[in-house]
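In case you want the letters, here they are:
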Amino acid sequence: MSAQLTAQDYSLDGSKRPLAALYSRNARAVIARGLLATRSSNWLVMVSGFFEPVLYLVSMGVGLGALVGTVEGPDGRAISYAAYIAPALLAVSAMNGAVYDSTWNVFFKMNFAKLYQGMLYTSLGPLDVAIGEIFLALLRGAMYATGFTAVMALMGLITSPVALLMIPASVVIAFGFASFGMGITSFMKTFQQMEWVNFVMLPMFLFSATFYPLSVYPQGIQWFIQALPLWHGVELLRQISIASFTPATVIHLSYFLVMIAVGMLLTTLRLRKLFLR
Amino acid sequence: MPTLPAGPPVISAQQLSKHYGDFKAVDGISFEVPAGESFGLLGPNGAGKSTTMRMIGGVSQRTSGQLTIMGLDPEEHGPEVRAHLGVVPQQDNLDEELKVRDNLLVYGRYFGLPMSYLKPKADELLEFAQLTDKASAKVDALSGGMKRRLTIARSLINEPKILLLDEPTTGLDPQARHILWDRLFRLKESGVTLILTTHYMDEAEQLCDRLVVVDKGQIMAEGSPAQLIRDHSTREVLELRFGSERNTTVAADLQGIGDRLEPLPDRVLIYTHDGEAALEEVTARGLRPITSLVRRSSLEDVFLRLTGRSLVD
Chain A
1 MSAQLTAQDY
11 SLDGSKRPLA
21 ALYSRNARAV
31 IARGLLATRS
41 SNWLVMVSGF
51 FEPVLYLVSM
61 GVGLGALVGT
71 VEGPDGRAIS
81 YAAYIAPALL
91 AVSAMNGAVY
101 DSTWNVFFKM
111 NFAKLYQGML
121 YTSLGPLDVA
131 IGEIFLALLR
141 GAMYATGFTA
151 VMALMGLITS
161 PVALLMIPAS
171 VVIAFGFASF
181 GMGITSFMKT
191 FQQMEWVNFV
201 MLPMFLFSAT
211 FYPLSVYPQG
221 IQWFIQALPL
231 WHGVELLRQI
241 SIASFTPATV
251 IHLSYFLVMI
261 AVGMLLTTLR
271 LRKLFLR
Chain B
1 MPTLPAGPPV
11 ISAQQLSKHY
21 GDFKAVDGIS
31 FEVPAGESFG
41 LLGPNGAGKS
51 TTMRMIGGVS
61 QRTSGQLTIM
71 GLDPEEHGPE
81 VRAHLGVVPQ
91 QDNLDEELKV
101 RDNLLVYGRY
111 FGLPMSYLKP
121 KADELLEFAQ
131 LTDKASAKVD
141 ALSGGMKRRL
151 TIARSLINEP
161 KILLLDEPTT
171 GLDPQARHIL
181 WDRLFRLKES
191 GVTLILTTHY
201 MDEAEQLCDR
211 LVVVDKGQIM
221 AEGSPAQLIR
231 DHSTREVLEL
241 RFGSERNTTV
251 AADLQGIGDR
261 LEPLPDRVLI
271 YTHDGEAALE
281 EVTARGLRPI
291 TSLVRRSSLE
301 DVFLRLTGRS
311 LVD
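Residue numbers (UniProt numbering), protein chains in the order written: chain A, 1 to 277; chain B, 1 to 313.
Looking at chain A on its own, in the form it has when it is part of the complex:
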């Protein structure tokens, strides 16, 4: 098959490139694999992920909204309850998808499907795998966000073209959660520990001013909620949805930019612990 090898073939010069031990600049191969696998087997799972926030919007927004009527929007004007919670549900969906993909999915593929073991025995480094997986998670998140925004438009909840910026904004939110989630997964060894992820996510979903304004809480709890990432995501998308921007918009966005930077740093530092045990 191959030509006769000689002793010269067995000598390598080491690259001096930074991160050469962890990264081979080939994350696209991981992405291509993910797209191929999605096309051939798990597209059904993808569809179900799209419907979850839509079902919440219909039941809470339309059903509960009939009781609530209108509420005060971010700019002080009255908006329908459905229009109030829709951006929040989009932020929650971005968080859930990103966290699922970067924690449970990574944990399963690492320890049970053994997919990463196969990948890591090639020229791929752990950073290629991490970047590829995060990109796939964000691509999926962008598709969901586009679908959900379309549903909002069909329900008459979008009044300004600026609201389309919710799509890239929810990708930024997803990036923040995904980069952090993968770093956290590197500390997990058992399924029991993975359950802690859900234990943190569910209350964050319910209490981050998702279904009612922050002002119902006493001051101390307000501060606590405001320290959590989901609240910033909810507020960011809520402001974009009615094109009402304040200096707080910059703070919300910056919160996620910092989260992405810290999350990627954590993930990169933990790559050996995550993938090379």
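In short, the hints are calculated from the structure, not lab data.
Note that the Cβ used here is the ideal one computed from N, Cα and C, for glycine as well.
A portion of the hints provided could be inaccurate.
What the hints assert, rightly or not - Straight line, CA to CA, 25 Å or less: simulated DSS-like cross-link-like pairs of lysine-lysine:
1. B/99 - A/109
2. B/121 - B/99
3. B/138 - B/99
4. B/121 - A/16
5. A/114 - A/16
6. B/134 - B/99
7. B/121 - B/134
8. A/273 - A/189
9. B/134 - B/119
10. B/216 - B/188
11. A/114 - B/24
12. B/216 - B/24
13. A/16 - A/273
14. B/121 - B/138
15. A/109 - A/16
16. A/189 - B/121
17. A/273 - A/109
18. B/99 - A/114
19. B/119 - B/99
20. A/273 - B/24
21. A/189 - A/109
22. B/138 - A/109
23. B/188 - A/114
24. B/121 - B/188
What the hints assert, rightly or not - Which stretches of chain A does chain B cover? Using the computed rule of at least three CB atoms under 8 Å from a CB of chain B, they are:
25. 9 to 18
26. 108 to 121
27. 149 to 158
Add chain B to chain A, keeping to what the hints say.
Chain B alone, transformed into the frame defined by chain A:
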């Protein structure tokens, strides 16, 4: 054995160790493998063979010691080292979500190889693995033996210079084993360096120029199969079975026959340079074994001698 002109060793391990907490999976092993050699790690399950393989691939971090592959530390240059490695892990880790042919193509893409190279290469390897008619089947529809062959085909997609084979023929039927051995032999002839773990002594004897016997993370002996047998065993072995009740009790009556006596639960082994003569003496002492067999010493005997245990337990 045709070996390449002497150069620096392709693989060099010095006092290599890997500890998981208090457990010493690999405990200070040293060896060197020259280019083109077929090198074996022989030992029972849990001896540290797979862990050593994982460190060579740079996918497991060593606790201490030195390791270079083609002059590079796999921990510092993992992707570059692995570009020239083919790996057959102990357990098949095929991509169950992809079809058979896509498994080869996608794996080749992980090496950054172009599709123009990969498409004909994948077809050639499917042919080699006798899986051409399964090209568009799902992986989970394959039998165990087919999966093993696909894993081996996959390891050759990048035309590796070093092939790491971790228990390559476990689960294969005898015919498939011989086909694989033949294929590996041809790779070796083209100058590919083979690193092989096995607990099958016949496999080690067939394929390895040189091997180390590993037990509990340490190297017990090193040499060619023939040399190990010469150094640690006798030329022939007489195997006697007296029935499971009597094998150990009869041992006292056999004292003095041959060079050494090894009573096992199911049989008694007598190590000697002349098995037939030993058998005559057994009969002369009035002992009547149910079955008797004279055979050449094998690596199994070497291992038994060195560790006091069988390879397959």
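Status of each hint after checking the structure:
1. For the given pair, residue 99 of chain B sits about 18 Å from residue 109 of chain A by alpha-carbon distance, which is consistent with the 25 Å threshold.
2. Between the alpha carbons of residue 121 of chain B and residue 99 of chain B the distance comes to roughly 16 Å, so the proposed pair stays at or under 25 Å and holds.
3. Pair hint residue 138 of chain B plus residue 99 of chain B holds up; C-alpha atoms about 5 Å apart against a cutoff of 25 Å.
4. Annotation: proposed proximity of residue 121 of chain B to residue 16 of chain A is violated, straight-line Cα distance about 31 Å (limit 25 Å).
5. With a C-alpha separation of about 30 Å, the suggested pairing of residue 114 of chain A with residue 16 of chain A is violated against the 25 Å cut-off.
6. Straight-line distance between C-alpha atoms of residue 134 of chain B and residue 99 of chain B comes to about 9 Å, which keeps the hinted pair within the 25 Å bound.
7. Between the alpha carbons of residue 121 of chain B and residue 134 of chain B the distance comes to roughly 16 Å, so the proposed pair stays at or under 25 Å and holds.
8. Restraint check for residue 273 of chain A and residue 189 of chain A: the C-alpha separation of about 11 Å stays at or below 25 Å, so the hint holds.
9. Distance restraint check for residue 134 of chain B and residue 119 of chain B: the Cα-Cα separation of roughly 16 Å lies within the 25 Å cut-off, and the hinted pair is therefore satisfied.
10. About 29 Å separates the Cα atoms of residue 216 of chain B and residue 188 of chain B, which puts this hinted pair outside 25 Å; it is violated.
11. For the hint linking residue 114 of chain A to residue 24 of chain B, the alpha-carbon distance of about 24 Å falls within 25 Å, and the restraint holds.
12. A threshold of 25 Å between alpha carbons decides the hint, and for residue 216 of chain B with residue 24 of chain B the separation of about 8 Å falls inside it, so the pair holds.
13. Pair hint residue 16 of chain A plus residue 273 of chain A holds up; C-alpha atoms about 23 Å apart against a cutoff of 25 Å.
14. Only pairs whose Cα atoms come within 25 Å are accepted, and residue 121 of chain B paired with residue 138 of chain B is accepted, the gap being roughly 20 Å.
15. For the proposed pair residue 109 of chain A and residue 16 of chain A, the alpha carbon gap of about 31 Å is over 25 Å, so the pair is violated.
16. Restraint check for residue 189 of chain A and residue 121 of chain B: not satisfied, since their Cα atoms lie roughly 39 Å apart, outside the 25 Å limit.
17. Distance hint between residue 273 of chain A and residue 109 of chain A is fulfilled; the C-alpha atoms sit about 15 Å from each other, no more than 25 Å.
18. Note on residue 99 of chain B and residue 114 of chain A: the hinted pairing holds, with a Cα-Cα distance of about 17 Å set against a maximum of 25 Å.
19. Only pairs whose Cα atoms come within 25 Å are accepted, and residue 119 of chain B paired with residue 99 of chain B is accepted, the gap being roughly 14 Å.
20. Pair hint residue 273 of chain A plus residue 24 of chain B holds up; C-alpha atoms about 19 Å apart against a cutoff of 25 Å.
21. The straight-line distance between the Cα atoms of residue 189 of chain A and residue 109 of chain A is roughly 13 Å, inside the 25 Å bound, and the hint therefore holds.
22. Distance restraint check for residue 138 of chain B and residue 109 of chain A: the Cα-Cα separation of roughly 18 Å lies within the 25 Å cut-off, and the hinted pair is therefore satisfied.
23. For the suggested pair residue 188 of chain B and residue 114 of chain A, the alpha carbons sit about 29 Å apart, so the restraint of at most 25 Å is broken.
24. A hinted pair counts as satisfied when its Cα atoms are at most 25 Å apart, and residue 121 of chain B with residue 188 of chain B qualifies at roughly 19 Å.
25. Against chain B, the segment 9 to 18 of chain A contributes 6 residues with a C-beta closer than 8 Å to a partner C-beta. That satisfies the three-residue criterion, and the hint holds.
26. Under a criterion of three residues with beta carbons nearer than 8 Å to beta carbons of chain B, the stated coverage of the segment 108 to 121 of chain A is upheld, 8 such residues being counted.
27. Three residues within the 8 Å Cβ limit are the bar, and the segment 149 to 158 of chain A against chain B gives 0, so the coverage statement is violated.
Checked against the numbered hints given earlier, this structure breaks hints 4, 5, 10, 15, 16, 23, 27; the rest are met.
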